[in-house]
Amino acid sequence: MKYIDEFRDGVLAKNLAASIAAAVMPGRSYNLMEFCGGHTHAISRYGLNDYLPDNVRMIHGPGCPVCVLPIGRIDHAIALAVERGVILCSYGDPLRVPASGGASLLKSKARGGDVRMVYSAAAALDIARAHPQREVVFFAIGFETTTPPTAVIIKQAQAAGLKNFSVLCNHVLTPAAINHILASPEVREYGTVPLDGFVGPAHVSTIIGSRPYEPFAAGFHKPVVIAGFEPLDVMQAILMLVRQVNDGRAEVENEFFRAVTRDGNRKAQALVAEVFEVRESFEWRGLGEVPDSALRIRPAYATFDAERRYGLEYVPVPDNRACECGVILRGIKRPEDCKLFGTACTPENPLGACMVSSEGACAAHYTYGRYKSTDMKTQGTAA
Amino acid sequence: MSGAVRKDYVRPIDFKHGCVDMTHGSGGRAMAQLIEELFLRAFDNDYLRQGNDGALLPPPPAAAGRMVLATDAHVVSPLFFPGGDIGCLSVHGTINDVAVMGARPLWLAASFILEEGFPLADLQRIVESMAAAARDAGVPVVTGDTKVVERGKGDGIFITTTGFGWLTAGIDWRGDRAEEGDVILLSGGIGEHGMAILGQRENLAFDAPIVSDTAALHELVAAMQASGAAIRCLRDPTRGGLATTLNEIARQSHVGMLLDEAAIPLQPAVAAACEFLGLDPLYVANEGKLVAICAAADADCLLAAMRAHPLGAQAARIGSVHADPQHFVQMQTRFGGKRMVDWLNGEQLPRIC
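If you read the sequences in order, they're chains H and A. Residue numbers in the first sequence follow the numbering used here, run continuously in steps of one, and reach 389 at the last position. Residue numbers in the second sequence follow the numbering used here, run continuously in steps of one, and reach 400 at the last position.
None of these hints come from the bench; they were simulated from the model. In this text, a Cβ means the ideal position worked out from N, Cα and C, and glycines have one as well. One thing to keep in mind: the hints can contain errors.
To be verified - Below, simulated PhoX-like cross-link-like pairs (lysine-lysine); rule was C-alpha separation at most 25 Å, straight line: (1) A:200 / H:113; (2) A:194 / A:63; (3) A:385 / H:8; (4) H:161 / H:273; (5) A:194 / A:385; (6) H:339 / A:385; (7) H:20 / H:8; (8) A:385 / H:20; (9) A:200 / H:115.
Claimed, not checked - Listing some non-contacts, in silico: residues in chain H with all C-beta distances to chain A over 10 Å: (10) 61; (11) 85; (12) 90; (13) 108; (14) 215; (15) 272; (16) 308; (17) 314; (18) 349.
Throw the hints in and build the complete structure from the sequences for me.
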């Protein structure tokens, strides 16, 4: 595949690996968090850890939109499909996420709920047009990447005067979550949790640009390198982070400059700002309530807001008490440190956020890396 | 009296405009007519023409040897897709299940569940495709059954085929026979059937059309058998794809496997479509491919035999069998790292970012 294979070249990977190995200082550890599930996926799928020196450790962050979706929000979607009889349109990966009482959207479908998988937000709008007698709800989830398409269909629905269409908005914001991780006591208090830098989001940054990362790079003195989702992108970003750490720099650098600019996609940003406003607080599965971290539909578009339309009250649902997702997402523990990992909690029967989608930290480790667990070193602490 | 009554005249079925109705499954005249004008005409053979409830078949070709029986239900949507349809698929699928046991497929049985209102034109097209596939493969459909369900209680048409084959004495290919040191061979590119179906189902118009690989593999299997190589096990990696099939064999044989990603044949169009949808081709269905596990010493000879057959022209050595108490299937990635190729959890779903 042209323009893809170039970023998966094994020879270049070996060269980059040699550069990383030459750049790291012996006796020093480099604890780097990749925020995005897309990076986690690339690292796992291409076996990228095999290329990294022992003192470079990748921590899988909370950037998997399916994983961080709290149970109570899935319950909303299921209630709409089952109790209110709507056609519930969803992207593919939320369908299997377990909700309260062992339910899921897929299981609700089997029990008669009209749940339909769509590949795009626009497809949900088409379904609404095709079924004027039915109420149609689009279950909108995802970070800044998937938000503009949702804004587009809400505006199109309004322009077309559609009466049977609404959006259950669960869009969340990346910078707020990174900020939340950096501001947590474990990370702030020196030496408790090592976190030396971030591999910054790829697709999200094409929308928001690199500027939003500047305040916390400076404020928390953590380097950020925005990287594409291809394995060579990730390796190049790791090399750039290692160099920043060595130099004592904490800058926002952009490895993914073929797609990301400092200001991002202003047209998309304006569209999002027109249709959505920031929620004061939103629960993230694994992280808890995070202030200013999600979007809701503005009152001007209230008729397309499923939460208002159906009077949905949010009820938080706690995860299993033994679940360690919160600390795993903040890099304090590794998946295999959790008692439930691979026993009670598996991709077939996920209990916690990180096991839910293939991009989750635990699921990625379970699916791609657990053969290494037996000889995996225990977690090191900051030097 | 005006106009002569033509004796025994039955108005022919209107295949162009007609639909299946409940009478086509009621056991009456309409059903007999459908069987006569469609199924018998298309599948025509001596066994079927006997017109009994079951086919009377000749005894097995030899005293030593074993019989192999396999059955497969086909519920594909859409019914027609690039490279085939549910008709030829239902013939190929069952022939392949018999063939990968090492047996020579001899006869097929077919049962149809039709939904009231299903266009007879589509039914005719499907049955004729099935008949052509059976004829090409040299494996006749010798008995069958038709039922009709009310509108809304079926998805147009479901076809179940059962295949009967003869296994020559001495052949014993089983999923529990893979041994440490064995070599894994694959007959060609993966994911073609699954992506052809998906492209059609989701109305994703790929620039380069992906064509299903649906094909009967028994002649390829016969060529492999004739090579004399020590084959431990053959499988056709259908649902769940190559990854699932290899995990099944690894578990049955209590071994691990190591694949070489760069060696796994994959059409660029399939790779691109999978990339686009966030799917892993290792888990996408095939309908005309097989995996062979054989002794390392015989791998070259077997590979040559596969490549000499049109359905194995792209055959490749894709990995090897290792001792592993955990029975993991691992893969050396093209990129250079190693990763697990695990069982699929639930259905493979597209990723959103």
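Problem - List of violated hint numbers, smallest to largest - result: Number 5 only.
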